[in-house]
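Number of protein chains: 2
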Amino acid sequence: MPVQPRTPPGVLELLPPQQLAFQRMLDTIRRGFERFGFLPVETPVFELTDVLLTKSGGETEKQVYFVQSTGARKQADDGKLPELALRFDLTVPLARYVAEHEAKLNFPFRRYQIQRVYRGERAQKGRYREFYQCDIDVVGKDALPLAYDAEIPAVIYGVFRELAFGPFTIFLNNRKLLRGLLAAFDIADERKDSVLHEIDRLGKQPRGEIEARLAGEGFGLDPGRVTELFDLITGHAGDSGAAFAALRTFDRPNPTFTEGLDELQRVYDGTLALGVPPQALQLNLAIVRGLDYYTGSIYETLLDEHPRLGSICSGGRYENLAGHYTKSKLPGVGISIGATRLFSQMLDMNLIGEGRGAVAHVLVLAVEPAMATEYAQLATQLRGAGLNVEVYGGDDKLGKQFKYADRSKIPLALLYGSREKAEGVVNVKDMREGAATKQHVVPLTELAQAVARLLG
Amino acid sequence: MPVQPRTPPGVLELLPPQQLAFQRMLDTIRRGFERFGFLPVETPVFELTDVLLTKSGGETEKQVYFVQSTGARKQADDGKLPELALRFDLTVPLARYVAEHEAKLNFPFRRYQIQRVYRGERAQKGRYREFYQCDIDVVGKDALPLAYDAEIPAVIYGVFRELAFGPFTIFLNNRKLLRGLLAAFDIADERKDSVLHEIDRLGKQPRGEIEARLAGEGFGLDPGRVTELFDLITGHAGDSGAAFAALRTFDRPNPTFTEGLDELQRVYDGTLALGVPPQALQLNLAIVRGLDYYTGSIYETLLDEHPRLGSICSGGRYENLAGHYTKSKLPGVGISIGATRLFSQMLDMNLIGEGRGAVAHVLVLAVEPAMATEYAQLATQLRGAGLNVEVYGGDDKLGKQFKYADRSKIPLALLYGSREKAEGVVNVKDMREGAATKQHVVPLTELAQAVARLLG
Chain A
0 MPVQPRTPPG
10 VLELLPPQQL
20 AFQRMLDTIR
30 RGFERFGFLP
40 VETPVFELTD
50 VLLTKSGGET
60 EKQVYFVQST
70 GARKQADDGK
80 LPELALRFDL
90 TVPLARYVAE
100 HEAKLNFPFR
110 RYQIQRVYRG
120 ERAQKGRYRE
130 FYQCDIDVVG
140 KDALPLAYDA
150 EIPAVIYGVF
160 RELAFGPFTI
170 FLNNRKLLRG
180 LLAAFDIADE
190 RKDSVLHEID
200 RLGKQPRGEI
210 EARLAGEGFG
220 LDPGRVTELF
230 DLITGHAGDS
240 GAAFAALRTF
250 DRPNPTFTEG
260 LDELQRVYDG
270 TLALGVPPQA
280 LQLNLAIVRG
290 LDYYTGSIYE
300 TLLDEHPRLG
310 SICSGGRYEN
320 LAGHYTKSKL
330 PGVGISIGAT
340 RLFSQMLDMN
350 LIGEGRGAVA
360 HVLVLAVEPA
370 MATEYAQLAT
380 QLRGAGLNVE
390 VYGGDDKLGK
400 QFKYADRSKI
410 PLALLYGSRE
420 KAEGVVNVKD
430 MREGAATKQH
440 VVPLTELAQA
450 VARLLG
Chain B
0 MPVQPRTPPG
10 VLELLPPQQL
20 AFQRMLDTIR
30 RGFERFGFLP
40 VETPVFELTD
50 VLLTKSGGET
60 EKQVYFVQST
70 GARKQADDGK
80 LPELALRFDL
90 TVPLARYVAE
100 HEAKLNFPFR
110 RYQIQRVYRG
120 ERAQKGRYRE
130 FYQCDIDVVG
140 KDALPLAYDA
150 EIPAVIYGVF
160 RELAFGPFTI
170 FLNNRKLLRG
180 LLAAFDIADE
190 RKDSVLHEID
200 RLGKQPRGEI
210 EARLAGEGFG
220 LDPGRVTELF
230 DLITGHAGDS
240 GAAFAALRTF
250 DRPNPTFTEG
260 LDELQRVYDG
270 TLALGVPPQA
280 LQLNLAIVRG
290 LDYYTGSIYE
300 TLLDEHPRLG
310 SICSGGRYEN
320 LAGHYTKSKL
330 PGVGISIGAT
340 RLFSQMLDMN
350 LIGEGRGAVA
360 HVLVLAVEPA
370 MATEYAQLAT
380 QLRGAGLNVE
390 VYGGDDKLGK
400 QFKYADRSKI
410 PLALLYGSRE
420 KAEGVVNVKD
430 MREGAATKQH
440 VVPLTELAQA
450 VARLLG
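Protein sequence lines correspond, in order, to chains A and B.
The first sequence begins at 0 in numbering that gives the first Met the number 0 and counts up by one.
The second sequence begins at 0 in numbering that gives the first Met the number 0 and counts up by one.
A portion of the hints provided could be inaccurate.
Pairs involving identical chains hold if they fit within one copy or between any two copies, as the list cannot separate such chains.
[Claimed, not checked] Subject to a maximum C-alpha distance of 25 Å in a straight line, what follows is the list of computed SDA-like cross-link-like pairs (lysine to any residue):
(1) Lys326 with Arg5
(2) Lys79 with Glu120
(3) Lys396 with Asp268
(4) Lys437 with Asp405
(5) Lys328 with Thr294
Derived by calculation from the structure, the hints in this document are not laboratory data.
Take the sequences, apply the hints, and build the full model.
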């Protein structure tokens, strides 16, 4: 009895036309990263467990997949963790990579990495156990100039413009500015993280509810101060100029606040200087991100017409990348696109065009089996001209061959029989829907040019 | 105390310049596959264990890596295998994919797959636990015309010509021909596999030793017959025409022999018709490959100047891809390039050029910190012209900036200070060794063209 062939749950396995579209997306992302000179890095899918889990709290470890060969499984019933584990992000492998190869890298080190990561999530719609992340980071040695913080949103702007998923906005914030602001409102240090958590909910929950919670028992903040704080945070949404102006005239600045505001202004201005139009870039003080990791700039990206998807590309500035692996201080700034989730959402919303559907531009039909050598030569000639070409193998009836061409979505089919051969022509059939003319009789000597012209 | 950052043993992790070269290699392979219209497929890194291990014997299973999340580990101390396992090749996932998605695929189904596979090998030089395979297969429904067997070597020829690792030869054989030949020499069915094993050693061990074994106790074949057989197999090495002629005049043909010989001749002729030059294609009866899998055409590929590497690309025709998963008969033909091993061997032999070394074509130096906006605009302009551009962030001394450019191997550095600005020019410094002229003063308005011209 055959075994039922099944894809494991929690992964996105695509049929070839969608896989082609996904590959196009990854290629676009890669090209956008390379446009800014980022260098490719790939790391192994697994890391040594003790290296991977240095800093993990319980939550991360629960989601980690461990890897063991059969031999190792038999020996290791002693309760120890297996030696290897699948990476759950690209940040820990980057930290390990930079620390391990530090002497051989050139700082500031600019790397991109487009690989899959693994999380033992409970299987549910939109949660993947295997998914692509597309990361860029610039890592400095001892220090990293703020100029790089302005480059990150410029890279992302270029990528999403090319991806053409519709209008989008990159939101900027700064953790120092936020911390300074909370201090100015006399929010005690031990409460700052939970207040930031509440701020992060702005835009997702009604402002009134959040204000009520902050003024309620748990926090006990003065309602008037909370309103004042929230006015400052959300008051000029969509108008970065006005937001900066309001912050500049804030009447209780402290050094952290001012440092953060200066950084934010410089990153904002620097990003515009790199050609990002103001309508795609916005100051947004309600953006918080990972609480214990980012220390300066923070980024989120939203599709204007699909805000419910949440941030499709997020990141920020961190103080020290690899403190678990080296004493060198390695500050950095980076951002990540969750490509699998984004692609699957775009698929669900029918925002992924069918594209070419086929890799081949041309299918050479086997009109007369005795002419197989001629078909091979036709194909070789077209391939030499840079076209992707299939030759139909075997001697099926033409109807079946056309059906194959049609289902394959190959745009052009070549018909070349003894009559065409005698006349020195090829019959090029346009298989695309809506093609103005379906048949083109083309001189054999001009075939490649004619095909290129038809393909546009 | 920091944890020592270590790459797990048995993987090939590359520094960025080598990673760039490796990526160039994978891109070339992919382009070669697409030139023949193959469609991309990616499958998850893990499969359900019961699906992956349907047909495995003990040897395969011993090398399989199993995957388990922490939660699952705690529950499952019952001796059962974990639910998930890493793929150890791309053939089993292909079989599962085709069987699972059969109704949605278009046959003959032409797919390529470039992904990593995993084997729990003992760590030793040249053995990888994680390595890339680059596979193509054409899978038919019920039947697959022999024309596709001729296409496979043509694809491989195109790929290795582009890779430019030096001259190479694709060797062709046919399992039916071999089986027919053994039958003609009265070698009993139960001995055929072990005799084929010995034949496989021709070219790796001295012929005399192998002949002696076959004539010895274990096999007890007639020494004269063995010599006759081996003359036929190795007699015309390097001269496919003569080899075919000798086989055509073989005096004891049987139907299997003749069918195999006809197939081999048609595949050979068909491959030449696809533009593969005769010096890159050779009949070689000593090629055997996996004994229980291939049933017709067999392929191996050798670098002429590095025969010790063995076959760098092998495959063949199989009768039925997915018998473990479906009752549909799915014959196919395919071939695989072990890209990681090949790349690492090329690296060891210094056959991988440094290539560009950098992704960026141009580094804009921060000559005057006050001109950061101008540098951003210069970079944006060049990026718009399709160039990959870095801007040096911060205000390090020029000497340090040049050192970075030099170590990065970025070919061109732009110097643009207030003097250049006043004169409307940019100073382009050629950082490449042996550049005829090191400094080029270029009008700002012609910068992109000048840079493109310098890059060639």
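Okay, the hints, checked on the actual structure:
no.: 1; hint: Lys326 with Arg5; result: between (47 Å within a copy, 15 Å between copies)
no.: 2; hint: Lys79 with Glu120; result: both (22 Å within a copy, 22 Å between copies)
no.: 3; hint: Lys396 with Asp268; result: between (65 Å within a copy, 24 Å between copies)
no.: 4; hint: Lys437 with Asp405; result: within (13 Å within a copy, 56 Å between copies)
no.: 5; hint: Lys328 with Thr294; result: within (14 Å within a copy, 59 Å between copies)
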